[in-house]
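Number of protein chains: 6
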Amino acid sequence: MKAIGYEEASEAVRAVFDDIKATRKLDDVNNFWKYLAHDPRMLAHVWSSVKDIMGAGSLDALTKELIYVAISITNNCDYCMASHSFAARAKGASEAQLNELYAVVGLANMTNRLANAYRVPVDEAFKTG
Amino acid sequence: MKAIGYEEASEAVRAVFDDIKATRKLDDVNNFWKYLAHDPRMLAHVWSSVKDIMGAGSLDALTKELIYVAISITNNCDYCMASHSFAARAKGASEAQLNELYAVVGLANMTNRLANAYRVPVDEAFKTG
Amino acid sequence: MKAIGYEEASEAVRAVFDDIKATRKLDDVNNFWKYLAHDPRMLAHVWSSVKDIMGAGSLDALTKELIYVAISITNNCDYCMASHSFAARAKGASEAQLNELYAVVGLANMTNRLANAYRVPVDEAFKTG
Amino acid sequence: MKAIGYEEASEAVRAVFDDIKATRKLDDVNNFWKYLAHDPRMLAHVWSSVKDIMGAGSLDALTKELIYVAISITNNCDYCMASHSFAARAKGASEAQLNELYAVVGLANMTNRLANAYRVPVDEAFKTG
Amino acid sequence: MKAIGYEEASEAVRAVFDDIKATRKLDDVNNFWKYLAHDPRMLAHVWSSVKDIMGAGSLDALTKELIYVAISITNNCDYCMASHSFAARAKGASEAQLNELYAVVGLANMTNRLANAYRVPVDEAFKTG
Amino acid sequence: MKAIGYEEASEAVRAVFDDIKATRKLDDVNNFWKYLAHDPRMLAHVWSSVKDIMGAGSLDALTKELIYVAISITNNCDYCMASHSFAARAKGASEAQLNELYAVVGLANMTNRLANAYRVPVDEAFKTG
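Heads up: the sequence lines are chains A, B, C, D, E and F, in that order.
Numbering-wise (this note's numbering), the first sequence opens with residue 1 and increments by one.
Numbering-wise (this note's numbering), the second sequence opens with residue 1 and increments by one.
Numbering-wise (this note's numbering), the third sequence opens with residue 1 and increments by one.
Numbering-wise (this note's numbering), the fourth sequence opens with residue 1 and increments by one.
Numbering-wise (this note's numbering), the fifth sequence opens with residue 1 and increments by one.
Numbering-wise (this note's numbering), the sixth sequence opens with residue 1 and increments by one.
One chain only, chain A, in its complex shape:
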């Protein structure tokens, strides 16, 4: 499949593109949205969810973006690592912070498997949450 640009997009798709550009103060949407435009319903759902959740709320926007990067690394999604580490930098992440993020991602993926390997039972103290 190919990217769907603004010129060839349907009315419904353009409405989402316009909202993305206005919300993010960009001249154009990035490739992710141009491909997702092949399914206008899903485009609308994904954008609506992302717009609602990824702004500042109980967690600040940078923290959320760093979490996004961590998951994208764990899942080995190239596009997602590139786009969300770009976004993290745009929201103020320093190189030192990204490096520290990568260290945490490495440690978590290590200890996740060690916990699996030993089939560690959950401590009583952790069961209250």
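Just so you know, these hints were derived from the structure itself, not from any lab.
Some hints could be false.
If chains are identical, the list can't say which one is meant, so a pair holds when it fits in one copy or spans any two.
Quick list of in silico lysine-lysine cross-link-like pairs, DSSO-like style, CA-CA up to 30 Å [unchecked claim]: (1) K91 <-> K127; (2) K21 <-> K127; (3) K127 <-> K2; (4) K91 <-> K21.
Based on the hints, put chains B, C, D, E and F in the right spot on chain A.
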């Protein structure tokens, strides 16, 4: 395998247990460390890395703990979700923050697969990082 | 490693290649089989299983191909996404169907993680299966 | 965290619960929604997406449910396997179809790794899609 | 679904069960095969592949079993970790070897993510294989 | 980010690079370490763990390298597959052994999902470990 308690632990293992308890101001270490004690070298490496990286640095300790939870959810590690969401609460995470974290984890796992599905090419703008 | 073409293949490998070509009415086998030919036993096992399971049975062949694509997206396997979405189109999948498939894959990966995050207990009604 | 039942739910959550019950002709919503209710915004987004995508469209509802099961197996999500195989049966899946689905999931996860292992290059013929 | 025991199994299933018992010198097959018996074709394919590949060959049987355990830990498959670590012990794995295996699994999952995070380009020297 | 070469590296990074080169008898370190050098603490931790665990111990060095390859295939990490299959060959792995390894990785990923799909209960006999 079984947990290795302080009483039955070797000198090398006790030294790590003592450092964990002193650093975290706890009376006992949790199950993860008691199982990892079956391999004293790895116990020492993992604790040394976690101690060094998970404290406050370029990123604050709570942000790192939230990233840990996000990865544990993505990898479906029961013990890790329980222990790190407990730690996140202990470091001040509110229920609202945890719920928002879960929302981000859901969205990231969705958009990771949509980016895969459409094999979206990386935008030029994202290649600078 | 390199692809093993028909000319350089052993008798055992040629026999499998011939069966693939006859079954699928193709002039040549695709790259997957030419690499798997490095292990003639596994080549035979994999082809035998795929031939037996992927044809029409209780589920029609297109449905099975779509399931294959969904898993390949979830696992982020480039070759598998390319070859099985090609096969799905060859078996009649429309662009609308593929887009809808991608939407389902996105949703399932999202709700899988939300179920993990909240450690949702299985409803009694679901335990009969 | 605990399930949020109808009695203790907020107005916004009840509205979603009511729509789920009316759409699915059920007396109560299942546990997934009662936990997701901890984040009313995400509850609304997830339900809205699922309602819109999982009904009959370009793909029939049963096919989509089978794809959901396949991904849940691949991700090893207990709750998701239980709830979506239940839903698949409710939509008419026979035991023979579920067994065949499991076979396809097994094969796909095997061949995904074999394609990775040999780093098989994508055939020219597959690049048109 | 339920386990299918020898008494209630079809002729085709019994033939596979008999071969498993004779090959492994056991009085009964373990649960995995009793469930897989719901799909006699797949039962036959899986057993045939496992029997052919998992015995001693270019790699000894214990090494293969350890690899199986490592993958089962990485995928977080409870049944698979239990059955294949049991098999590894039966084939002579010591506790020290299993602990060392777990350490390697932890390290590999850590460095896999660090390589992803930094998007490390493949060294020229590694491209010959 | 870019690779950090010896010339531009800090003292702390050079010390680790020197130890890698001396231990492995190489003229230069490979790219993985040059990128990880962006976080000197993590560079030191990872190298220290890898040096300590990946040499001969209860398991021989080749077996550990093969386990590393198996996990890298399962996680679909390109760099890791390339570097660790190179290392496995350097430690004496034959092509026949690598092909057999790939077969085991394929089988394990298949049976992991079949065990998930049928939610096979752990046999009593396997619970002793």
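Hint check results:
1. When the C-alpha separation of K91 and K127 is checked against a cutoff of 30 Å, the pair qualifies only between copies, where the shortest distance is 17 Å, while the shortest distance within a copy is 36 Å.
2. Only between protomers do K21 and K127 lie at most 30 Å apart by alpha-carbon distance; the minimum there is 20 Å, versus 44 Å within a single protomer.
3. Proximity of K127 to K2 under the C-alpha cut-off of 30 Å is restricted to the inter-copy arrangement: shortest distance 12 Å between copies versus 48 Å within a copy.
4. In this homomeric assembly, K91 and K21 come within 30 Å of each other (Cα to Cα) only inside a single copy, at 17 Å, whereas the closest approach across copies is 37 Å.
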